[in-house]
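Residue numbers (the numbering used here), protein chains in the order written: chain A, 14 to 386; chain B, 14 to 386.
Everything labelled a hint here was simulated from the structure, so no lab data went into it. Mixed in with the good hints there might be a few duds.
A pair holds if it fits inside one copy or across any two, identical chains being indistinguishable in the list.
Stated by the list, open to error - When the alpha-carbon atoms are kept at most 25 Å apart in a straight line, the in silico SDA-like pairs for lysine to any residue are as follows: (1) Lys382 to Glu102; (2) Lys140 to Arg344; (3) Lys150 to Asp316; (4) Lys19 to Gly338; (5) Lys49 to Leu155; (6) Lys171 to Ile307; (7) Lys19 to Asn340; (8) Lys49 to Gly338; (9) Lys171 to Asn308; (10) Lys115 to Leu42.
Protein chains: 2
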Amino acid sequence: MNIAGKEYNTIWVKENDNSIIQVIDQSFLPFEFRIKELSSVEDVYTTIKDMHIRGAPLIGVAAAFGIYLALVKYDQNTPLNEYLLSAAEKLKSSRPTAINIKHAVDSQLEVINMYNTADEKRNAAFKNALKISETEKENCRLIGEFGLPVIKNISHQKKGSPVNILTHCNAGWLACIDYGTATAPIYMAHDSGINVHVWVDETRPRNQGARLTAWELEQHGVPFTIITDNAGGHIMQHGLVDIVIVGSDRTTITGDVANKIGTYLKALAANDNNIPFYVALPSSSIDWNIEDGINEIPIELRDSDEIKYIQGLINGKIKNVMITGDNFPARNFGFDVTPAKFVNGLITERGICKANKSSIISLFPEKFKNSDK
Amino acid sequence: MNIAGKEYNTIWVKENDNSIIQVIDQSFLPFEFRIKELSSVEDVYTTIKDMHIRGAPLIGVAAAFGIYLALVKYDQNTPLNEYLLSAAEKLKSSRPTAINIKHAVDSQLEVINMYNTADEKRNAAFKNALKISETEKENCRLIGEFGLPVIKNISHQKKGSPVNILTHCNAGWLACIDYGTATAPIYMAHDSGINVHVWVDETRPRNQGARLTAWELEQHGVPFTIITDNAGGHIMQHGLVDIVIVGSDRTTITGDVANKIGTYLKALAANDNNIPFYVALPSSSIDWNIEDGINEIPIELRDSDEIKYIQGLINGKIKNVMITGDNFPARNFGFDVTPAKFVNGLITERGICKANKSSIISLFPEKFKNSDK
């Protein structure tokens with residue numbers, strides 16, 4: 014991704030200092046562009062938990078680097094195994110819904126386990142974190158390639174008039190390493206000359222749509238319009254949406270999709286208006302162990318102050334204002350689950366499949382080899 | 014409605030000065046309680062348009078007083094008829110979706126037409142505005158009485174554990190003269206000792222739920238919790254909602270319901286989770302002339318700054334902050350239409366009916382007498 018003429022990923026190893034990981038700090042965008050440095054598990058944990066970085070693929074990669082940083086800081090005061098497991102648990106607890114953290118951390122522990130000395134383990138963890146990062150990046154590129162024909166087809170049907178795509182939250186390159194998940198086909202379509210326009214759901218309470226997706230699309234030059242989360246149904250009723258594409262924080266092997274709170278409502282509206290509803294996700298977001306999204310995926314309950322206060326710009330300064338009564342109770346559910354029956358397709362790094370078990374198996378047979386599922 | 018120990022309606026004639034109408038100014042709640050004075054059509058027009066007052070029944074009554082104030086200010090420079098029609102058009106143009114303004118203004122013109130002198134017309138308009146106001150108030154009370162058994166039944170089924178009611182926007186007493194529409198049965202249930210809890214949709218972009226409904230419920234002592242507009246589907250999936258009750262800005266004779274943007278999404282979720290979805294409305298919100306809500310009800314498009322900026326409290330002062338990029342485009346649809354098939358019942362001042370033409374006719378036969386509809 015290009016930001017003001019410079020090529021960026023969302024996370025990288027600091028130049029000339031392998032003990033520091035740098036990330037784009039998302040918490041001040043679009044008002045300020047800041048880089049944040051991470052040098053410990055604790056840094057990674059709070060950076061994920063407080064949402065300086067967010068997005069399932071990105072926090073997975075960050076957690077992988079978290080395990081590496083734990084090894085960098087290892088002082089031999091505790092047994093290494095115990096120390097690593099504690100770091101792993103801490104990272105996994107930072108955000109409960111996205112499965113990517115678990116996958117990345119488990120991958121690190123498995124790799125580390127193959128080496129003996131702390132030095133070897135650190136080097137292996139470093140290489141594996143870089144590998145996970147590169148794989149995620151390449152997978153997003155592939156999602157773009159596989160999703161592109163879907164948009165191209167609609168463009169053909171509409172004889173070149175704009176393809177209106179609705180997306181929720183930020184499943185853009187900021188949520189990943191590059192390209193994005195939901196946005197990958199959009200950027201690719203735009204770059205190949207297809208006329209696209211994106212309806213960007215604001216995405217309360219943290220407004221990742223109005224702040225991050227809008228900013229990304231603007232940087233890339235893709236036409237977009239911000240709407241409230243409430244508006245999606247209305248514009249679908251009036252023929253203003255051709256396709257919905259969202260990301261996922263965790264998808265079951267049966268195709269139930271956990272994603273940012275409110276996604277389910279858009280899936281219902283798409284279904285009621287015969288609009289295709291696609292979920293773009295790398296396989297790192299698939300939980301190979303569960304079948305029932307609504308009952309088995311843990312839904313994060315976040316601080317109610319995220320609803321009661323909002324960050325904005327006033328006189329050039331970033332401030333928090335209170336937008337409801339001081340003593341009014343609020344409850345902040347972070348995600349919801351869209352049942353597979355409302356999902357028309359999953360766009361993965363291996364192609365598009367239906368949101369059901371047999372179709373997912375056909376793309377990822379190796380995940381089911383030793384299972385009776 | 015009782016506010017800090019004092020009985021209020023939302024609109025009234027100033028004590029000892031019939032030329033001034035006073036209203037509760039909703040635009041600073043819950044931060045500040047202010048009274049606003051209206052003394053001309055222009056005052057009423059801007060007060061409605063800029064949403065110092067909102068709510069279909071209330072803006073209908075305010076428009077009725079607007080016609081009266083026009084007569085108070087009449088200076089004989091233009092022919093009275095022309096003057097009144099221009100005042101009527103101005104008021105009707107203040108907000109296009111709610112039908113109540115048209116009904117109230119047309120009622121005023123009809124009454125005025127029965128008298129000859131400007132004095133007689135003014136007196137008649139005054140009395141008729143008061144009558145419309147009293148009727149709206151009484152109708153809301155009746156909506157409460159007819160809606161109460163619905164909540165009572167759920168309470169019985171749940172053996173007294175809290176009845177969880179979800180509502181969207183503010184269809185409370187602030188939107189009416191007193192009692193509210195959606196809230197009337199809730200207040201009545203609470204007052205009769207039924208255990209109720211209200212999920213209050215924030216209601217972006219103007220947050221009438223988080224600001225007005227929450228404030229009202231708090232004043233009345235009804236337990237509530239604010240959620241984002243995105244959360245309704247999730248809590249319905251998890252059995253946390255027993256019934257949805259909303260208001261309406263305009264309902265067709267076939268039962269299609271225009272209400273605050275986002276209502277349709279909640280109706281879809283209620284339908285998908287087998288949760289009853291009720292609309293509480295006085296007959297003044299029914300448009301007796303149309304059958305197709307989606308194609309015939311005009312949907313207000315409001316200033317996109319309502320999405321890009323938000324009002325809140327900072328250091329004890331009410332300020333506006335910018336919550337997205339300065340140059341990011343946004344589109345602000347004010348209402349949506351919930352098709353009748355998703356509405357389980359209309360709670361009116363004459364009882365509950367189904368959301369279809371024959372059922373509406375059975376409650377309001379006189380409206381269909383001279384029609385082939």
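**Report entry** Numbers of unmet hints, in rising order
**Finding:** 1, 2, 3, 5, 10
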